[in-house]
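Taken in sequence, the protein lines are chains X and E. Counting from 1, one number per residue, gives the positions in the first sequence under my numbering. Counting from 1, one number per residue, gives the positions in the second sequence under my numbering.
Keep in mind the hints are simulated off the structure, nothing from the lab. Be a bit skeptical, because a hint or two may be false.
Pairs involving identical chains hold if they fit within one copy or between any two copies, as the list cannot separate such chains.
[Stated by the list, open to error] DSS-like mimics (lysine-lysine), calculated; alpha carbons at most 27 angstroms apart, straight line:
1. K37 with K302
2. K225 with K467
3. K253 with K148
4. K368 with K328
There are 2 protein chains.
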Amino acid sequence: MADKKLVEAITSMEEDFAQWYTDVVKKAELIDYTSVKGCMVIKPAGYAIWELIQQQLDAMFKATGVQNAYLPMFIPESLLQKEKDHVEGFAPEVAWVTHGGLAPLQERLCVRPTSETLFCDYYKNVIQSYRDLPQLLNQWCSVVRWEKETRPFLRSREFLWQEGHTAHATAEDAEERTILMLNVYADFLENVLAIPVVKGRKTDKEKFAGAVATYTVEALMHDGKALQSGTSHNFGDGFAQAFGIQYTDKDNKLKHVHQTSWGMTTRLIGAVIMVHGDNSGLVLPPKVAPTQVVIIPIQQKKEGVLDKAFEMKDMLSNFRVKVDDTDKSPGWKFSEQEMRGIPLRVEVGPKDIEAGKCVICRRDTREKIEVSFDELEAKVAETLDKMQVEMLERARAHREEHTYVAKDMDELRSIFAEKTGFVKAMWCEDQACEDQIKEELSVTSRCMPFEQETLSETCVCCGKPAKKMVYWGKAY
Amino acid sequence: MADKKLVEAITSMEEDFAQWYTDVVKKAELIDYTSVKGCMVIKPAGYAIWELIQQQLDAMFKATGVQNAYLPMFIPESLLQKEKDHVEGFAPEVAWVTHGGLAPLQERLCVRPTSETLFCDYYKNVIQSYRDLPQLLNQWCSVVRWEKETRPFLRSREFLWQEGHTAHATAEDAEERTILMLNVYADFLENVLAIPVVKGRKTDKEKFAGAVATYTVEALMHDGKALQSGTSHNFGDGFAQAFGIQYTDKDNKLKHVHQTSWGMTTRLIGAVIMVHGDNSGLVLPPKVAPTQVVIIPIQQKKEGVLDKAFEMKDMLSNFRVKVDDTDKSPGWKFSEQEMRGIPLRVEVGPKDIEAGKCVICRRDTREKIEVSFDELEAKVAETLDKMQVEMLERARAHREEHTYVAKDMDELRSIFAEKTGFVKAMWCEDQACEDQIKEELSVTSRCMPFEQETLSETCVCCGKPAKKMVYWGKAY
C-alpha cells in the first residue's frame, strides 16, 4: 500500500493515450520542458537511449562506406532559395538570424531545417571528376523547424537527427543508395528497436520538397496511429542542376551528379515509447536500454546481501547492469524499474542466497524465472535475446491485428469511423482521389508499399482502374 | 621527380607558420570553407579526429559520474540577462533569431554561445532537496560566437564542443569538481593528444564572465604561441542567486547550490596540428589517428603482393588499419600518408615477401624498422605506444626550451622582442600591472600556475612585493 502511494500513477493508455504518453515521458525522466516554447531538455535517461541509437545506427552507416562530417548550422537566404521546390517547402517554417553581435547582418541566415543546400554548396567545391564519386557523407546534429504544435520527441522546434547526403555518377547509383539506406533503417527499426515497418514509396503529394522520389519506413503505434520513422530521398539531378554540381566523366564529358538524402530523428524514442510501453511505464528493447539489468537486493541490511548483489553485478559485466542499493523500499524500486523500462530485474534476498539462487523478472511479460547463481550470466543473456525477439513479434502481431482492407469509400469511411490502424486500399494514382480521401477522412496516404497486393481492380475512391495499393492511416 | 610534382608543396613553417597551418588544414583535407563567413565544413578526415576525441573524453567524463543530456540551442533574451557579468561578457558576440517561420518573435532568442543560463533554468526545476545533488551533466553540441577574425579550428563563428555543467550542495564540492575536471583535461591532453600543459588559475581580468574562479590548461604551440586548451570554472553561488536555484538541506534549511562549468572544443584539433605537425604535413598521435597504420604495397600488380597486403591487414585487426591499393605510385602514397599524419606506414613488396618481412616507417621520426611477418602485430603495437610517448616527450622538451624567466620589465620586453614562448614572471596581483604589460607588449597572462616558483621577491612590473608567479605569452 505504502509503495503504491510512493509511485505516482500514470494515466492508463486506454483512458487517454496522449496523456499516458506525456505522463510516461515525464515520469520516466526522459524530457523536461523549458522556457523556450517548443524546445525540450532531453534528460540523461532520454539522452542515453539516443546515444545507444546513435552508436548502433552509426556503425550500420559506416559498414556501407558512409563517413561523418559537420557542416554549418546557418544557411544564407540566397543559398536556401536556389532550389525552387525545396525553398517553398521549408521557408514557412525556418528560424531567421538577423543580427550577429550588435550589428544587423547584410544577408539573413536561416537555422538549418535540413542541409541539402549546404551539402550541395560543398559538393560543388569538392567534386570535379568521376574519381571524386560517390560522396557518402552523414552528419549528426540538431535542426530547427518552427512548428506550431509540439509534442515531446514527436514534434519539436529543435530536434536531434542524422542526415545523410550522397552524390553519385549515375541515376542508378543514386537510386541504389536511396533503397540501401531505407533497408538500413528498416533493419535498424526491426532488429534494434523491435519495431516492425512497412517499407514503401510516398505519393507525389507526400514526398520531400525537391525530391524525385521519397521512400519511407512506416510504423504503427499502440493506439493504431502511424509514425513515419525514417525517410530516404532520391533527388535525381535536380539539386545538381540548380547548384551546378558537375563532374568530368571517363568519357571526358561534363555531367551532373545524382543525389540522395536520408534521415532519422529523436522521434524514434517516441516510437519506442508508443510501440512498447504499457500502463506501468516504459518498456525498452534490450538493445537500446541504458540499463539492461537492475539488481534489487531484498532485506539489504542483512549481512551478505549487498555483497552478493555486487558480486552478481560483476558476474554480469557483459551487460549494462546496476545495483539499486538506495534506501528506498523494494516495492518502490520495482515500480521505478518498471517506469524506466529496464528489461530485467534480478531480485536477491537472504533466503535466495541460502538456496543459491535468485529471481529474474522480465519487464515486458512480468515472467519470473528462478535461476541458480552459476547459470545467471547465461540465463540473463538468453532472456535479453528472447525479450528482444518477442517484443518485435508482439508488435508485429499488433500491427497485423490493426491492418484493414477497404475496397470502396463506404468501407474506408466505416473503418476509419470505428477503428484506428493501417488501411490498405487500391488507388488510380490520380491526386484528386488522394486529396478527397485526406480531406474527408482526415487521414494521409502513408506509402505505396514495396509488397504490392491486388485487393480489387478499382480505385477505392473513384472506381476507375487501380494502379497501386496504398497504406492509409492517421499519423503523428 | 614525378611523385614530387604530384603532391603540391605546403609552405614551410619556418617561412610562414600561419600559412603552413592553413596549408596543412586544407591539404590534409580537414576543413573546407563555406558560403557562410566564419563557418567551416569539418571534412571526414577532420571529423574522424573529433570522433576519437569525443569517444575518449566522454569515457573519462563518465568515469567521474557525469551523464550526457541535451538542452535547447536557443536562449530567450530575458534568460541570458539574468546574470549581469555573464550577459555583459557574451551579449556583444551572439547571433539573434528574430523571426520564426513568417512571423516576428515576441522575444528574440540568441543562439547559445554557452549554456550556463539554460542549465540554471533547468536546475531550478529539478533541484529541490539535497538528495537531488550533485547534478553532473554534460552536452556535446555546437555553439555560436560572432567573431570578427576567424581561423579554422582555432576561432570560428560556430564550433563544436562539450560543455559540462554541475550543481553541488557546498562550495567545497564545487571547487573539488572544478579541479577534478581540470585534471581530466590535463590527463587527456597529455596522454591522448600528447600535448603537455601548464595547469593554473586565470587572473580576475581573464576569467570567464560570471565565474568566481577560472582554471585553465595552457599549451605551447610549435611557433611559441600559447593556446588555452580547456577551461574549468567555479561559479560559487552567483548563478544560483540570480536564478533562484535552492535546495532543502538535511537541516531543513533552504540553501543555494554551488555550480561549475567546463569545456573543450574542436580547437583541440588545431592544437594537435600546431604542436605535432611538420613540413610534410600533419603528425597525429596514435590515439587520435583515424587510420593508425597504412599498408602500402610495392609493385602491387605482381602476383601475391596485394594478397599479402590484405593478409597483413587482417593480422593488424586490433588497429585502425587500411591498405592503399589505389593505382597511384608508391611515392605519391608515401607523401599522402605523411600529409595526413598517419602514424605508421608499412611497406611490402615482392622482395620483402620472399624474405618473409616488411618495413615499418614512423611518421614522426621517419625511422624505418624491418619486421618479420610473425612479429608484425607485436612490433606495430610497440611502435605505436612508443610514438605516443615520445611525441609527448618531444613536445615537453620544446616547451621547456621556449619557457623563459623575466625579473623586471626590461627583461620582459627584451624576451618578447626576440622570442616567442612562455615567460614566467612575478606579480603583485594588482590589475594595473597586468593591464600595463598587456597593452605595452601585446601579450596576455596565461595563468597563475599551480606549481608556483619564487623567481624573485618583486613584481616584474611595479617592483612592489610579489604574490604570484604568472605565465605570460602571445596567444591564439
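Practice problem: Give me the numbers of the hints this structure contradicts, sorted from smallest to largest. | Solution: 1 and 3
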